[in-house]
Every structure is written in C-alpha cells, then in structure tokens.
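Engineer: Here is how the chains run, residue by residue.
There are 2 protein chains.
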Amino acid sequence: MIFLTRRCIVCGKPAIINIKYAHAAFCSEHFKKYYERRILRTLKDTKFPGGKILVALSGGVDSVALLTALTEICDELKSEVEAVHMNLGIYQNNFSSESMRTSNEVAKMLNVKLHIIDLKQEIGYYIPEIISKNGRNACSICGLIRRYLLNKFAFEKGFDWLATGHNLDDVAAFYLKALASQDIESIIRGLDVLTPPYHEFKLVGRIRPQLYITKMENRAYVALKKAPIVEIACPLGKKAKLHKYVKAWNFLVNINPVSQLNFVKSINILRSKIVKSNINLKKCKICGYPTTTTDSICAFCRLINKLKDKAK
Amino acid sequence: MIFLTRRCIVCGKPAIINIKYAHAAFCSEHFKKYYERRILRTLKDTKFPGGKILVALSGGVDSVALLTALTEICDELKSEVEAVHMNLGIYQNNFSSESMRTSNEVAKMLNVKLHIIDLKQEIGYYIPEIISKNGRNACSICGLIRRYLLNKFAFEKGFDWLATGHNLDDVAAFYLKALASQDIESIIRGLDVLTPPYHEFKLVGRIRPQLYITKMENRAYVALKKAPIVEIACPLGKKAKLHKYVKAWNFLVNINPVSQLNFVKSINILRSKIVKSNINLKKCKICGYPTTTTDSICAFCRLINKLKDKAK
Chain A
0 MIFLTRRCIV CGKPAIINIK YAHAAFCSEH FKKYYERRIL RTLKDTKFPG GKILVALSGG
60 VDSVALLTAL TEICDELKSE VEAVHMNLGI YQNNFSSESM RTSNEVAKML NVKLHIIDLK
120 QEIGYYIPEI ISKNGRNACS ICGLIRRYLL NKFAFEKGFD WLATGHNLDD VAAFYLKALA
180 SQDIESIIRG LDVLTPPYHE FKLVGRIRPQ LYITKMENRA YVALKKAPIV EIACPLGKKA
240 KLHKYVKAWN FLVNINPVSQ LNFVKSINIL RSKIVKSNIN LKKCKICGYP TTTTDSICAF
300 CRLINKLKDK AK
Chain B
0 MIFLTRRCIV CGKPAIINIK YAHAAFCSEH FKKYYERRIL RTLKDTKFPG GKILVALSGG
60 VDSVALLTAL TEICDELKSE VEAVHMNLGI YQNNFSSESM RTSNEVAKML NVKLHIIDLK
120 QEIGYYIPEI ISKNGRNACS ICGLIRRYLL NKFAFEKGFD WLATGHNLDD VAAFYLKALA
180 SQDIESIIRG LDVLTPPYHE FKLVGRIRPQ LYITKMENRA YVALKKAPIV EIACPLGKKA
240 KLHKYVKAWN FLVNINPVSQ LNFVKSINIL RSKIVKSNIN LKKCKICGYP TTTTDSICAF
300 CRLINKLKDK AK
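Residue numbers (numbering that gives the first Met the number 0), protein chains in the order written: chain A, 0 to 311; chain B, 0 to 311.
Mixed in with the good hints, there may be bad ones.
If chains are identical, the list can't say which one is meant, so a pair holds when it fits in one copy or spans any two.
Straight-line alpha carbon distances no greater than 27 Å define the calculated DSS-like cross-link-like pairs of lysine-lysine that follow [unchecked claim]:
1. Lys176 <-> Lys243
2. Lys284 <-> Lys46
3. Lys214 <-> Lys156
4. Lys246 <-> Lys112
5. Lys224 <-> Lys43
6. Lys132 <-> Lys224
7. Lys19 <-> Lys156
8. Lys272 <-> Lys51
9. Lys246 <-> Lys201
10. Lys309 <-> Lys112
11. Lys282 <-> Lys224
12. Lys243 <-> Lys264
13. Lys32 <-> Lys119
14. Lys12 <-> Lys311
15. Lys284 <-> Lys156
16. Lys305 <-> Lys224
By construction, these hints were calculated from the structure, which means they are not laboratory data. In this text, all values refer to a predicted model and were calculated from it rather than measured experimentally.
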C-alpha cells in the first residue's frame with residue numbers, strides 16, 4: 000500500500016491504493032466497499048444460491064480477508080457464516096500456536112463462531128509426525144488431509160459450502176506451472192469460483208470468492224479492517240517450484256497489469272468448454288467419502304492405514 | 000551457437016550446440032540429423048499422409064530452414080517439395096529485393112522449383128500502396144493477403160499442402176498474448192502442426208513442421224547447412240505487442256528450459272479437447288473461396304473492392 004497523489008475515483012479524496020489492472024484508485028473507505036462488492040459480484044456471477052458457509056480459516060492474510068468480507072456481505076448473500084481452524088501441530092517457529100491464537104482473535108473480533116479441528120484428536124498424529132513416518136512431500140500430504148477433513152467436517156455439521164482463500168496470484172502461478180509442465184489433468188480439474196455440492200457423495204459445495212483478487216488487495220483489506228493476521232510462513236512449506244512462476248507473473252504483470260486476471264479467466268473459459276469426461280466417482284469402502292481409485296479406497300484412508308501399519 | 004565443452008550425445012565429439020530443453024548436445028553432423036528427424040517425427044506424429052508440398056519461402060531463417068530440411072526428408076515423407084516466394088514490393092531497406100534474391104539463391108542451392116507471386120501483378124498494388132490507402136495495421140493486412148493468395152496459388156497449382164515456418168517462440172508468444180488478453184477465439188482457432196485440406200472450400204492442407212522447434216535451432220540448422228538467409232527485418236512490421244511476450248518467454252525459459260515447449264503442447268492438447276463449434280463456412284460470392292462473414296463476401300475481396308473504390 001503506497002500513498003499516492005492519485006485521488007479516489009468515488010469521492011475524490013487522496014487515494015491510498017491504486018489497482019492498476021482495474022484502472023482504479025480508492026480512499027480507505029471506498030476501497031473496503033470496492034473489495035466487498037467484488038467478492039459479492041464474483042459469487043453472484045456464479046449464481047451462488049446462498050446457504051450455510053464454513054470458511055477455512057488458517058489465520059493468514061487471504062483467509063482472514065475472506066472471513067472478514069463474508070461477514071460484511073452475508074445478508075446480501077442470504078448466507079450464514081461460521082469458520083473452522085485446523086490445528087496441524089506444526090510448533091516450529093510457533094507456526095501452529097500463532098495461527099490458532101490469530102484465528103481465535105479474528106473470530107472474536109468478527110463475532111463469528113469458530114470451530115477447531117485438532118488433527119491429533121482426529122487421526123492420532125500431527126503433521127510433523129505424519130511427514131516423518133511417510134516419505135511424501137509435506138505440502139501434498141497436508142493438502143490431502145486438509146481437503147478431506149474440512150469437507151467431512153462441513154458435511155457432517157450440515158454446511159452447504161466450504162469457502163477457501165485461493166487468490167489470483169496463487170491460481171495464476173498454479174495454471175502457468177501446470178501448462179509449463181504439460182500437467183493437463185490439473186488444468187482440467189482446475190479451480191473455479193464455485194463447485195456445486197454433490198450430496199450423494201458427501202461433498203459440500205466449494206467457493207473461492209477471491210479467485211480474481213490479488214494478494215496485494217487482500218493485504219490492503221485486512222490492514223484497513225484492522226484484522227490481525229499471522230505472518231509466519233509454514234516452516235515445512237517448500238513453495239520453491241510455484242515460487243518461480245509467481246516471479247514470472249511479477250514480470251508479466253509489469254508488462255501488462257491486466258494479464259494475470261485475463262490469463263486465469265481465459266483458462267477457466269477454455270476449461271468450461273471442455274466436455275468433462277464422466278469422472279467415475281465411487282464411495283470409499285472404508286469411510287464412504289468419494290474416491291476414484293480402482294480399489295475403492297480413498298487416498299486419505301490409504302494414508303491412515305499406512306500410518307497404522309507403521310505404528311504396529 | 001556457442002562452442003561448449005560438452006560432447007555430442009551421439010558420437011562424443013565436442014558439441015557445437017546445447018539444446019537445454021531436450022537435455023542434449025550435438026556435433027555439427029548429428030545436430031543436422033537430429034533437426035531433420037524432429038521435423039520428420041513432428042509430421043509423422045500427425046499421420047501426415049504425404050503429397051505435393053508448397054513451402055512459403057520468405058527468405059528468412061525459419062522458412063529457409065524449413066525448405067532445406069523438407070528437401071532432405073521428402074522421400075521419407077512420400078512428398079514432392081516446391082517453394083513459392085511472394086514479392087510484396089517493400090523496397091525500403093532493400094527488404095523485398097534482398098528477400099527475393101535470397102529466396103532464388105536458396106532454391107537454386109537446393110535444386111527446388113521456385114514459384115514467384117508478384118503482388119502488383121496479382122492485385123494491382125504492392126503492400127506500401129495498400130497500407131497508405133487503407134488505415135488498418137500493416138501486419139494484419141499483409142497477413143490477410145498472404146494467407147489468401149498462398150492458399151489460392153497452392154490450390155490452383157494442385158498442391159496438397161502449404162507449409163509455413165511458424166516456430167516455437169512465435170507460437171508460445173502468440174498463445175501467451177491471447178491468454179493474457181482473453182482472446183479466446185484466437186486460442187481456439189490456434190495453430191496446429193497439421194490442418195487437413197477442405198477441398199470443397201478450396202482450402203489446401205496446412206503444415207507447420209517447426210511448431211515445436213525454437214528459432215535458435217532454426218538458426219543453427221541454416222548456418223550448418225550454409226544456406227543463405229535475409230537478415231533484414233520488415234521495415235513496416237511492428238511486432239511490439241508480441242515482442243513483450245517473447246521477452247516474457249526469455250524469462251520463463253531461463254527458469255525452466257522445457258516450459259515453452261510444454262506450454263504450447265498443453266494449449267494444443269486443451270484445444271483438441273474442445274468440441275469445435277461447427278464453423279459455418281460459406282463460399283465467397285465474388286471469388287468462391289471460403290468465408291464466414293454474414294454477407295458472404297470474404298475479407299480479401301472486401302479489401303480489393305475498397306482499393307478499387309479508392310482508385311476511382
């Protein structure tokens with residue numbers, strides 16, 4: 000956020016933020032309004048029907064901005080909003096303790112009900128133990144566990160939607176990396192603003208309202224709303240590979256500020272034109288949640304079984 | 000082309016070229032073989048059936064490399080190869096005269112029959128006159144005229160295929176620009192290694208055998224084959240917009256050498272999954288060549304009519 004000589008396009012007061020790709024500058028008050036309207040419009044463009052929303056709150060800037068904005072616009076969305084924080088037990092650098100403390104503070108400030116999932120209570124282990132028992136990449140295991148447990152929790156508690164804080168920078172880097180690696184499956188699976196629920200398979204709907212909003216805007220919004228955030232990066236995270244593509248986007252956005260937004264929208268339009276081959280969803284023999292594996296045991300149950308075997 | 004301490008992966012002699020994205024280095028002899036094999040394999044992968052090929056020869060590095068390689072492998076392709084050069088009449092910087100001279104030299108060296116299309120003879124004007132009479136962008140008008148006349152010439156002379164020298168750098172920049180501008184139509188239309196003929200609509204087949212080969216490789220190949228090329232850039236060309244994306248690719252290829260090839264292949268795979276909406280081809284009322292315009296007058300005939308009107 001840089002103080003500029005530009006003026007707010009709404010009221011003419013000195014602007015505190017310049018959104019280059021939108022050719023717009025705003026004062027503090029009108030930026031907050033603009034941000035919330037964009038979240039609202041992004042969801043309304045998908046014909047979001049409203050319902051009970053559970054926000055996955057990590058305590059980081061994106062999810063804090065998301066929860067804050069959704070509480071402001073929930074009436075217009077015909078929605079109720081609650082949040083869930085997952086304790087992953089990563090105590091190095093105080094990562095998990097600070098994330099939990101911040102999430103509690105945010106929920107209290109916003110007067111939002113906060114649910115806690117404690118990973119050890121849920122499956123017997125925290126992330127560092129799982130990683131040490133299992134050779135796989137930390138981020139991929141952690142992602143698998145979070146996706147599974149967040150959906151399960153939301154489904155069992157009767158939520159209609161799980162909301163996550165994917166931002167434009169992340170998604171643009173994800174798609175560019177996938178294209179540059181010929182990872183066609185990831186592109187086709189992709190990331191949409193709204194993925195409808197599939198009750199028969201115990202899948203709640205997914206919303207990603209910040210898909211077309213940059214991290215810089217999320218940062219500005221939480222700062223102006225005076226919401227606390229945790230600034231500690233996950234000590235297990237190795238974002239090196241995606242990081243290269245984030246740098247590539249810095250280069251491209253410098254050339255053409257709107258290129259990143261257009262790029263993600265273009266990919267999503269192309270994806271929508273691809274007749275999705277019928278994904279053969281089956282119910283996992285063990286837990287009943289969906290899977291596509293040939294032996295009908297989902298990746299989560301397979302991981303749990305492996306951990307149990309190693310504990311013997 | 001830099002002399003390296005690396006060794007040729009085929010014979011172990013000192014390498015003269017390092018193809019980073021293929022993790023391969025070659026001596027002069029084996030690079031030439033490698034280059035020709037890649038052109039051959041690229042075409043064979045599309046099930047190219049052979050036939051009479053007309054190469055559009057500008058005299059620049061890409062088309063000279065293409066003609067040179069195709070004459071080496073034409074027996075294996077079950078093909079006959081001839082070339083056509085179009086005199087555009089752009090005499091600033093000796094552009095058209097040098098292009099013509101070089102094209103003649105190349106054809107003579109390769110013992111290939113060279114056809115000449117003289118634009119003034121064909122339609123009454125050279126490019127500079129057309130541009131001065133017509134407000135549109137020089138490259139877009141010139142492209143329209145060349146596409147039309149090259150297809151017409153190939154069709155009337157009984158060629159099965161028109162071959163053009165699109166290289167990987169150009170196509171990668173074209174796709175990145177289209178994605179970054181939400182130009183979905185250009186992406187879907189796209190550029191394939193092979194576009195089949197459509198005889199009913201007087202369209203010859205199109206082949207772009209260098210679609211997955213970089214300009215650097217084309218340069219190395221013509222240098223090693225001692226083929227003359229014209230090094231003068233078209234004085235009317237304003238490649239500024241695409242140039243930005245060429246620079247972006249320089250950045251990305253530095254991060255990941257194979258990213259450019261993967262990117263173009265990914266886009267072409269995605270395109271192949273999009274059920275192409277039936278393009279309503281119609282025959283132009285004036286010339287009988289295909290068009291999609293509502294009044295059934297093709298863009299070429301519309302341009303010619305405009306030029307005639309202005310001449311009155």
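Engineer: Against the structure shown, which of the earlier numbered hints fail to hold, in ascending order?
Structural biologist: Violated hints (numbers, rising): 2, 3, 4, 6, 7, 8, 9, 10, 11, 13, 14 and 16; every other hint is consistent with the structure.
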